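> One-letter residues, chain by chain:
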Amino acid sequence: MEGEVVLLDFWPSMFGMRTRIALAEKQIKYEYREEDLRNKSALLLQMNPVHKKIPVLIHNGKPICESLIQVQYIDEVWNDRAPLLPPNPYQRATARFWADFVDKKIYDLGGKLWRTKGEEQEAAKKELIECLKLLEGQLGDNPYFGGKDFGFLDVALVPFYCWFYTYEKFGRFSIEAECPKLIAWAKRCMQKESVAKSLADQEKIYDFVLHLKKALGIE
Amino acid sequence: MGEEELKVLGAWGSPFSRRVEIALELKGVPFQYIEENVFDEKLKSPLLLKCNPVHRKVPVLLHDGKPVVESLIILEYIDETWKNNPILPPDPHRRAQARFWAHFIDHKCMPPVWTALLGSVEEREKAVEEVRECLKTLEGVLDGNRFFGGETIGLVDIAANFIAYWLRAIQEVSGLDFMNEDQLPLLTKWCEEFVSCNVVKEHLPPRDKLITFMKNWLSANGWSWTD
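Chain order of the listed sequences is A and B. Following my numbering from start to finish, the first sequence increments by one per residue and tops out at 220. Following my numbering from start to finish, the second sequence increments by one per residue and tops out at 235.
In case anyone wonders, no lab produced these hints; they're calculated from the structure. Since the structure is predicted, the reported quantities are computational estimates derived from the model, not experimental observations. Each hint should be verified, as a subset may be incorrect.
Claimed, not checked - Using 27 Å as the maximum straight-line C-alpha spacing, the simulated DSS-like pairs for lysine-lysine come out as follows:
hint, chain 1, residue 1, chain 2, residue 2
1, A, 63, A, 27
2, A, 105, B, 52
3, A, 193, A, 149
4, A, 105, B, 134
5, B, 144, B, 116
6, B, 50, A, 106
7, B, 65, A, 134
To be verified - Partial list, computed: chain A residues near chain B (C-beta under 8 Å):
hint, residue
8, 33
9, 70
10, 74
11, 78
12, 90
13, 93
14, 98
15, 102
Where a beta carbon is used, it is the ideal one built from N, C-alpha and C, also for glycine.
Let's have the full structure, built from the sequences with the hints guiding it.
This is the structure we're talking about:
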């Protein structure tokens with residue numbers, strides 16, 4: 002039973018993309034509503050009064066906030082198809098750990114690549130590469146982080162792939178050169194319709210960041 | 009399952025490692041506790057560094073030799089492995105809410121406490137106000153229930169152990185007024201109920217030891233009581 006599903010989102014958000022992918026994996030029909038973050042809707046403020054952030058998933062009128070919490074919710078409600086978390090508790094804990102690692106590290110470090118310059122930017126680049134290599138190491142010989150199947154950690158990380166182009170342009174480096182297995186994994190994920198349809202175009206992201214920098218007054 | 013198959017690497021003063029102890033107590037699962045020195049990198053045990061190479065922190069739960077780290081992740085692992093006395097409710101929306109508030113406690117409530125203690129005088133006032141706002145929000149979440157989990161403690165209660173015990177010690181030592189009992193009657197009552205729970209009381213650091221530790225720690229970090 003589907004009920005009414007609404008997603009309040011913002012097209013470049015890697016967090017929103019996670020929820021889009023999860024909904025697509027489960028083939029759930031939903032209404033996508035684009036938010037203007039400079040002019041947040043009354044619905045967004047009502048549904049996420051604590052953080053006032055996207056994405057917000059609304060299911061039968063009830064909000065679920067925080068992207069990883071949304072992905073788990075979707076997995077638990079629509080538990081009859083395309084499982085995202087494995088049944089084994091230890092494997093679940095491992096997937097959650099690395100998804101938490103992505104949240105703790107990748108967003109902020111990537112952000113520093115386009116927000117900062119000089120030493121701060123170099124330090125962020127170095128640390129980002131280390132983190133991506135650590136994640137790459139988790140793949141082993143598997144096609145996905147979930148093993149044979151696309152899973153929770155794949156959903157958590159793959160949205161950043163459309164931001165890699167921006168990170169690379171500003172950081173003047175190649176993520177593929179540093180982490181070839183990770184890029185091979187990302188391209189494999191992009192062959193899935195749920196991922197290809199959920200990720201934004203990487204050049205549009207780059208343009209968006211250029212405009213954002215101007216608007217924020219960052220050189 | 010024998011005690012030797014379950015180990016907890018923790019630190020006596022850490023609310024995070026105490027969360028794990030509470031959860032295991034709730035489930036009635038015996039474990040071996042190993043105290044770690046978390047303040048000196050050089051004194052961290054080889055076992056800790058092997059089990060948590062990424063963050064090098066406690067708590068670590070070692071189950072049949074396999075490490076689980078990050079306290080909230082450990083709590084979910086415990087709940088999924090031992091099914092008695094559930095920490096999370098069965099309904100997906102209520103589970104999502106519990107996860108949301110546990111995340112809120114760690115990411116919104118706690119950081120400004122440290123800013124209030126370690127930041128500049130200018131940052132301090134703003135940080136104290138932020139903590140007060142968070143506590144006011146949690147007062148609303150309680151909504152007249154005995155615990156965040158309803159009639160019995162759950163994920164959010166365990167995550168809020170910091171508020172029930174550590175925050176009050178910090179208040180006493182620093183003189184900063186984070187929690188006004190008149191303005192937060194439900195949360196104040198919850199604190200008392202929580203620390204009195206059988207599964208909790210054995211897993212709180214001794215008060216005097218914590219107070220002394222906090223005084224020394226604040227002094228070492230440049231805190232001035234004449235402010």
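> So which hints don't hold here, by number, going up?
Hint 8 is the one this structure does not satisfy, whereas the remaining hints hold.
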